[in-house]
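Let's have the full structure, built from the sequences with the hints guiding it.
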Amino acid sequence: MSKDEVKEKSPLGRFVRFNRKLGSGSYKTVWLGFDNDTGMEVAWNIISFQNLDKKAKKRISDEIQMLKNLKHPKIIAFINAWTNKEQEKVCFITERVTGGSLLQYIKRINAPLKLKVIRNWCRQILEGLNYLHTRPDPIIHRDLKCDNIFINGNRGDIVIGDLGLSTTLRESCAVARSIVGTVDFIAPEIYDENYGTSVDIYAFGMVLLEMIGREQPWSECDTPGGFSGFSQGSEH
Numbered sequence: 001m002s003k004d005e006v007k008e009k010s011p012l013g014r015f016v017r018f019n020r021k022l023g024s025g026s027y028k029t030v031w032l033g034f035d036n037d038t039g040m041e042v043a044w045n046i047i048s049f050q051n052l053d054k055k056a057k058k059r060i061s062d063e064i065q066m067l068k069n070l071k072h073p074k075i076i077a078f079i080n081a082w083t084n085k086e087q088e089k090v091c092f093i094t095e096r097v098t099g100g101s102l103l104q105y106i107k108r109i110n111a112p113l114k115l116k117v118i119r120n121w122c123r124q125i126l127e128g129l130n131y132l133h134t135r136p137d138p139i140i141h142r143d144l145k146c147d148n149i150f151i152n153g154n155r156g157d158i159v160i161g162d163l164g165l166s167t168t169l170r171e172s173c174a175v176a177r178s179i180v181g182t183v184d185f186i187a188p189e190i191y192d193e194n195y196g197t198s199v200d201i202y203a204f205g206m207v208l209l210e211m212i213g214r215e216q217p218w219s220e221c222d223t224p225g226g227f228s229g230f231s232q233g234s235e236h
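Position 152 of the sequence shown, counted from 1, bears residue number 152 in the working numbering, the numbering being contiguous throughout.
Treat the hints as calculated values from the structure; they're not laboratory data. Note that the Cβ used here is the ideal one computed from N, Cα and C, for glycine as well. Worth double-checking, as some hints may not be accurate.
Claimed, not checked - Taking lysine-lysine and the DSS-like style, the derived pairs with C-alpha atoms no more than 27 Å apart in a straight line are:
hint, residue 1, residue 2
1, 28, 58
2, 68, 28
3, 57, 89
4, 89, 71
5, 55, 28
6, 107, 3
7, 28, 3
8, 71, 57
9, 114, 21
10, 7, 68
11, 54, 74
12, 58, 71
13, 89, 55
14, 55, 7
15, 107, 57
16, 9, 21
17, 58, 74
18, 9, 68
19, 9, 28
To be verified - Derived CB-CB ranges, DEER-like:
hint, residue 1, residue 2, range
20, 115, 57, 39 to 49 Å
21, 212, 98, 18 to 28 Å
22, 112, 51, 38 to 48 Å
23, 37, 156, 19 to 29 Å
24, 53, 73, 32 to 42 Å
25, 53, 87, 17 to 27 Å
26, 25, 135, 20 to 30 Å
27, 104, 201, 20 to 30 Å
28, 11, 41, 32 to 42 Å
29, 87, 114, 45 to 55 Å
30, 114, 138, 29 to 39 Å
31, 115, 56, 35 to 45 Å
32, 117, 49, 38 to 48 Å
33, 117, 56, 16 to 26 Å
Now the structure itself:
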């Protein structure tokens, strides 16, 4: 079966999906798509509602609604969305970032990054975080890592994506109170379930370490669960 074969069309025919997978996560699969209105490639995201509980469905709905309201060059651009009730899935279209995730990009380079490159990437990531954190209704990403940051390789442009674990401070009564995220990037205060936007800054520090070391922070540790002791000042 050809990867360039059209497998699906959007309800109004604006978008088509090819048989070429760009990536997958815990709850969604991303395919290469095409926007007939603009003549540009897009990312066609598919999320199956089958076997999902109400909490997971709400998280997906929240991510899509959040993406609709975010307009910034350093946040992945949302284009459209629709629900296929017969197949129990939701599809949403975002911009396609040609270089893939920053983690994939760093691994492909397979060489130490120059300081000016790291500085440029960091500046762009912080621009995106500043936009999220300084909105009238501030947003905490809660899962910032190189695997959730994407790059257009031909220009070096960075965008932050995968907002599925994000939350607003307002919705959390000014303080978020749940343990979520990727363990190696979690700030110690998250284990106390009492935190704010600063947890994204901690995760940004871990992203910086990953750029420099070209491996996941704390990769030398055998027991990720032990990190929870950091919030009490324990040594491991």
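* Ascending list of hint numbers which this structure does not respect -> Failing hints, ascending: 9, 11, 14, 15, 28 and 33.
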